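> Read off the chains here:
Number of protein chains: 2
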Amino acid sequence: MQKPTVPKGTRDFGPEQMRKRLFIFDTIRQTFQRFGFQPLETPSMENLTTLTGKYGDEGDQLLFKILNSGDFAGGLTEADLQAGSKKITPKIAEKGLRYDLTVPFARYVVMNRNALTMPFKRYQMQPVWRADRPQKGRYREFYQCDADVVGTDSLLCEAEIVLMIHEVFRNLGVLDFTLKINNRKTLAGIAEVIGEPGQEGLLSVAIDKLDKIGMEKVLDELRERGFSEESIRKLDPLFSFGELDRLQLLNQLKTWLTTSETAQQGIAELEETLQFVDQYGLTDSRIEIDPTLARGLSYYTGAIFEVKANGVSIGSVSGGGRYDNLTGTFGMPGLSGVGISFGVDRIYDVMEELNLFPAGAGQGTRLLLVPFDSAARAVALPLLSQLRASGITAEVYPDLAKVKKMLDYANAKAIPYVVLIGSEEVQTGLLSLKNMVTGEQTKTTASELIQLLRSTSF
Amino acid sequence: MQKPTVPKGTRDFGPEQMRKRLFIFDTIRQTFQRFGFQPLETPSMENLTTLTGKYGDEGDQLLFKILNSGDFAGGLTEADLQAGSKKITPKIAEKGLRYDLTVPFARYVVMNRNALTMPFKRYQMQPVWRADRPQKGRYREFYQCDADVVGTDSLLCEAEIVLMIHEVFRNLGVLDFTLKINNRKTLAGIAEVIGEPGQEGLLSVAIDKLDKIGMEKVLDELRERGFSEESIRKLDPLFSFGELDRLQLLNQLKTWLTTSETAQQGIAELEETLQFVDQYGLTDSRIEIDPTLARGLSYYTGAIFEVKANGVSIGSVSGGGRYDNLTGTFGMPGLSGVGISFGVDRIYDVMEELNLFPAGAGQGTRLLLVPFDSAARAVALPLLSQLRASGITAEVYPDLAKVKKMLDYANAKAIPYVVLIGSEEVQTGLLSLKNMVTGEQTKTTASELIQLLRSTSF
Chain P
0 MQKPTVPKGT RDFGPEQMRK RLFIFDTIRQ TFQRFGFQPL ETPSMENLTT LTGKYGDEGD
60 QLLFKILNSG DFAGGLTEAD LQAGSKKITP KIAEKGLRYD LTVPFARYVV MNRNALTMPF
120 KRYQMQPVWR ADRPQKGRYR EFYQCDADVV GTDSLLCEAE IVLMIHEVFR NLGVLDFTLK
180 INNRKTLAGI AEVIGEPGQE GLLSVAIDKL DKIGMEKVLD ELRERGFSEE SIRKLDPLFS
240 FGELDRLQLL NQLKTWLTTS ETAQQGIAEL EETLQFVDQY GLTDSRIEID PTLARGLSYY
300 TGAIFEVKAN GVSIGSVSGG GRYDNLTGTF GMPGLSGVGI SFGVDRIYDV MEELNLFPAG
360 AGQGTRLLLV PFDSAARAVA LPLLSQLRAS GITAEVYPDL AKVKKMLDYA NAKAIPYVVL
420 IGSEEVQTGL LSLKNMVTGE QTKTTASELI QLLRSTSF
Chain F
0 MQKPTVPKGT RDFGPEQMRK RLFIFDTIRQ TFQRFGFQPL ETPSMENLTT LTGKYGDEGD
60 QLLFKILNSG DFAGGLTEAD LQAGSKKITP KIAEKGLRYD LTVPFARYVV MNRNALTMPF
120 KRYQMQPVWR ADRPQKGRYR EFYQCDADVV GTDSLLCEAE IVLMIHEVFR NLGVLDFTLK
180 INNRKTLAGI AEVIGEPGQE GLLSVAIDKL DKIGMEKVLD ELRERGFSEE SIRKLDPLFS
240 FGELDRLQLL NQLKTWLTTS ETAQQGIAEL EETLQFVDQY GLTDSRIEID PTLARGLSYY
300 TGAIFEVKAN GVSIGSVSGG GRYDNLTGTF GMPGLSGVGI SFGVDRIYDV MEELNLFPAG
360 AGQGTRLLLV PFDSAARAVA LPLLSQLRAS GITAEVYPDL AKVKKMLDYA NAKAIPYVVL
420 IGSEEVQTGL LSLKNMVTGE QTKTTASELI QLLRSTSF
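Just so you know, the protein sequences line up as chains P and F, in that order. Just so you know, the first sequence maps onto residues 0 to 457 in numbering that gives the first Met the number 0. Just so you know, the second sequence maps onto residues 0 to 457 in numbering that gives the first Met the number 0.
Hints in this document: simulated from the structure, not taken from any laboratory. Hints may be right or wrong, so weigh each one.
Copies of the same chain look alike in the list, so a pair counts if it works inside one copy or between any two.
To be verified - In silico lysine to aspartate or glutamate, DMTMM-like type, Cα no more than 20 Å apart, as pairs:
| hint | residue 1 | residue 2 |
| --- | --- | --- |
| 1 | K90 | E77 |
| 2 | K86 | D70 |
| 3 | K401 | D152 |
| 4 | K86 | E220 |
| 5 | K2 | D372 |
| 6 | K442 | E191 |
| 7 | K19 | D131 |
| 8 | K2 | E220 |
| 9 | K7 | D283 |
| 10 | K90 | E242 |
| 11 | K208 | E223 |
| 12 | K7 | D152 |
| 13 | K216 | D79 |
| 14 | K90 | D79 |
| 15 | K307 | E57 |
| 16 | K135 | E271 |
| 17 | K211 | D407 |
| 18 | K90 | D289 |
| 19 | K90 | D70 |
| 20 | K404 | D152 |
| 21 | K233 | D59 |
Keep in mind it's a predicted model, so treat the numbers as computed, not measured.
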């Protein structure tokens, strides 16, 4: 018999990983909720009419499609076969797996437009699927954690997202991170000012590589993409912002981009957002204005956010921005919103690499009861009920096995405490508590035991 | 443009529903964890080689299959087309969606057999998919919440499942339920004793309908299925157990089934399990021995559990049992285990129908700040930060809108408290707190406000 496997690009999450992942999920969920975002879940499958055409040609290729049930091939002809896979797909598959959380959210808003109170703040934490080529850090099934507010263009929402990002990472214990912030309008203004209006997309794709390939190669790429020498020369100021503080940077941007109304609006939006953040009283801010930040630009129209953890070379752990037309493709134009997405897999990698998970996060059972015989077991069972009623995660070894085997079980599961119950314990009522980390063994009563386990996190 | 829809048999869960569902999920998860079950998550997709043949022919039909990526139809011939859908499927789809949590769990255990410490206790709470005909209460995507312990045949595990069931429903507030318990061996013994050995499957399918169609029709069905008149006559005692207490029932079963060693073993297992439950100190037990309980029998070999909520006509909300060969189909025979599954959708329906959700379970934002102008907003924002830092879910209306509009927003979102901030509040520093349920309005300070919101659950 062949050994079973999981499909390429997918993963099992065993107990220790899961407990750490749950710590991340819970932290993000609690923060989303405290900010008034409401939970939403949508089906894993959507109609392909809902998904197709929303992610570009490449995205359409990456959709997982679900074979229709029953006699799906009944209507297929030889002509279909000759037309090829692409033509056959719509005849045999009408559903696909969710590719992101944004399109299902837009679909939900349109379907419930009359019942929803605007502004509508929702969060959603669910897996998405992409038929991408699997590689390190890229999976075919992974979780997204999104929070969006739609139905308002108030910059207060941008400020709240900045706060929420700080709150999430503070609660996770990831204190050393950088939140880069930019505005699509400023980027558009740069393209205008250097004489390449509307080319902010190409511009940002090239500039995005600055850290990796250096300025000279970025400029070469722009030349290849048809930017004139004059445009490239005009881009000079962009590379001299490095050491400026926030105020100096904003002032220099204003001066440089003085002729672009769009840019001035973008800068004003950045300023107002940061002003709100100050009013909220955020101390210890990790914000950095980065006039080159683009994040693919795809549908952002205002603010753009990106978070990277410092001290590790793992890509961005969070990103988002404002869009002006969430539901346009579903026939409901002009709905503005702003959102943020947290990448659980990368946050996990960061926290693992920097050893940031709190001791309790990976922790399961805290105490194992080890009865030596069935008389001891009769003492163990009511004690176990008492421990659990006190909120303590405890177990009894289910079989009457050798003591060594039971202690091995405790060690393998990293259970920090064991209570040994033999004939002496049955007679005296005192319990023998063994600390599995130090090896220390002491006598204790049930109530002392409960107090101890309640007061220590390990 | 066509209005978007969700696929047949799938659902969106909006904010209020989600908050209630999260209450159920959290309660089940916490209870599983307190009993030492460890979290596991497996991929949504499995190889079809893993899934096929595990659920019978009908189950295979109900698997959702995922179309291979790329040029899946490249190798198809006209001969394939003529062979029909069933023959084509394996050529164009190698993956399918999870049908339950048991097979992926078995696959996980086999893949990690060398790393896992036995007994292995895992819980898993994830959606499953079935291409069933949708109808009321039956969906194509729904959650299962399973807890299993494998690698031991200790009846202590059965007792812990009984305890866990009581704990889950107690914590949910579903106090009026019945936990039926039986043993496959007792059922097999009944078939032996009436002279139809090995026919406990057919027997139980018929008896399962006792409540619905009455005794006479059950007996007719048995006749149709080939049971002799003598066998049917011998079945008489089974229908006379109704009013007996636990001890009487066990004694009558022992006498009736005295010639079947299998039955005696089943009865002894039931007795030992209940004895353990007593030792754990479970008070207010909802256990009822039901010698006819079968739950399809499919792979149960020992204990069988089923839970129904009383006072509503919604099917079983939980069920499970012991099996002796979880991983046999993957080449790892003889692994015994026992498990329980909770049906979140049905539990939701029960709690909704009986109005059992606690006030806090459906609750989102507790307080809305309503600043009249931007000076008021400068007062509102730091207050908002203070509230959230105290763990209170609070929002500010993001736009400077008319007060009525902001109050409408609070009402639509069922936000119980609003703080109005106008020029007076800005000057005096006192806040105007409006109770949106009673309409009452009072003056308060920030610290009084925090105290109030911390002390009231609504």
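> When the structure is checked against the list of hints, which entries are broken? Sort them ascending.
The structure conflicts with hints 4, 5, 6, 7, 8, 9, 10, 12, 13, 15, 16, 17, 18, 21, although it agrees with all the remaining ones.
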